[in-house]
Amino acid sequence: MSLSGKTTLITGGGKNLGALIATLFAAEGSNLALHYNSASTQKAAETLAADLSSKHKDIKVKIYQGDLTTATSVEKLFKSVAADFGPQLDIVINTVGMVLKKPLVEISEKEYDTMFAINSKAAFFITQEAAKRVSDGGKIINTVTSLLAAYAPSYTSYQGSKSPVEWFTKGLSKELMPRGISVNAVAPGPMDTPFFYGQESPEAVAFHKSNAIGGRLTDIKDIAPIYKFLCTEGAWINDHVFCVSPVSPNPAKENMVRPLLTFIDAGPLEEAQAQRMRREIRSHVARVVVSRHQSCRSTQRPPHKKRRGELNPTWDLCLDSLVDPSASQKEESEEQSEDRVPSPPPVPATASNDRRLLAGPSAASMIPASKSPIYHHPLVSVVLDNYLKHLAVAVPELDGDSRSVLLQTSWFPMVLSSPIIFQVIVLFSASHYAARQHDMTLAETILFLKQCAISGIAQALSPASKKGMVYRDEIIAAVAKMASYEAIFGDEGAYHCHMDAVKRMLEERGGLAALGLEGFLSRLLVFIDTNSAFLLNAPLHLNGSSLPKLANQFIMPNPSRFVGEV
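Here my numbering = 1-based position in the sequence shown + 4.
Just so you know, these hints were derived from the structure itself, not from any lab.
Treat each hint with caution, since some may be false.
Claimed, not checked - When the alpha-carbon atoms are kept at most 30 Å apart in a straight line, the in silico DSS-like pairs for lysine-lysine are as follows:
1. K59 - K232
2. K47 - K66
3. K225 - K125
4. K80 - K114
5. K106 - K225
6. K393 - K375
Here the structure is a predicted model, which is why all the values come from computation and not from measurement.
Let's have the full structure, built from the sequences with the hints guiding it.
Rendered as structure tokens:
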């Protein structure tokens, strides 16, 4: 499809993205009807129209002002365009929108009404009027947001008010198909305009740059050509929402299995073609169903035979400085485990289909973590392997000046030396593994692991009311890791509860500097606090005046390492 001689209406075409789309279309010979909203945009719209008219003598450019939040004003705009350009309207592109960054609980009724009036109501009536007036074979393109596919704190009203526009687009694409009119939507990520980044902190801008391809923010020059493509080479595309962003959505929050896609001709069909298309659709659906069934079967394990002999042992932790003399041997064993943390046992050389990571019972009895009731669970070996491959990786904020991966050389031995931490790590890795594999069948197992992790922490803290209680490193670390689990996979309220407990325990211990592993644990807690606060858009917990500070305590968020590869 050629744009030469076509008439294009662009709402919000006076500046930013709409203005650049207009510039591209003018270069292709399209006549332009450019809408702008307020007097503040009038000068920019007038300058743009004059510039395009002077550069491209063979096209017609007109500008129109109007508040498009009522059906009457939208109808008036389209009538004015028809009066100036004639009844032939080929393309309508809607870029009208408003961003509000504010927590849901703080949004007023007036702000709600404004957001939905601009982002939803205006889009509905623009799309509706376009459906009435666009000529057969024309194009309608809405602008939505890829934030709907990502976890973006404090943009709730923006996401919610843009979401209906996707469904307007999809529904109308079916209704206008007999007329050969394609209806699509473009969903940009955060763009480098005052529209979005004017509300962001310097830290958030730096984070978006560091996680984007090329280390730069998305520019409107990256997005505008997509609108041109949908009206030229991609004119045959219909009923699609194009998410265009250099940053992937948050992997921990988007674990939906997406169906396989296939493109089919959506134009008017004869009966023979329609029958062939129906067969193609049925075949495609069958392939998807079979693929999902096979994927589900591959993740299911055969029934596990029950072990004979002694049941999984329970375990007790004595945390009081005053202990019974009869427990001296047990206390001595615990002291030795603190002084010399055992290394994980070697992996036995077995067949490739043997997924066991831990050695047999004789070796396992030497590992303190074997006292955990989940140690012999069939899933443990799989999730520990997942933890070492995808979670216990190099993290500059944690490794510091060390040349080794401290999550493997320092932290993981501590995990194996403590049943409390072991259970939390197994829970965390199991949830991460299920997200990577898109395996919903593990939900019940993960719930059981979470119950064990919380019970272990509660049991370890049960003597807390006794005088002389000292919170050991393993307890503080376990509660902190439980907090990170809730921040990523669980509940925000539970996260704050765990972090409040961590803060109180640290105050009893004398601050972060009192923790062991040569500063690693203190860095780990700050890392958890910083990244959780970033993900949840919440305040830090470990920055109070009553908590002694570390030197160079601040750590920039690094969500990709915090969440892990999904």
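Hints and how they fare:
1. K59 - K232: Within the cut-off at roughly 19 Å; holds.
2. K47 - K66: Holds: K47 and K66 sit about 14 Å apart, inside 30 Å.
3. K225 - K125: holds, 28 Å
4. K80 - K114: holds, 26 Å
5. K106 - K225: This hinted pair holds, its Cα atoms lying about 28 Å apart.
6. K393 - K375: Within the cut-off at roughly 24 Å; holds.
In summary, this structure violates none of the numbered hints.
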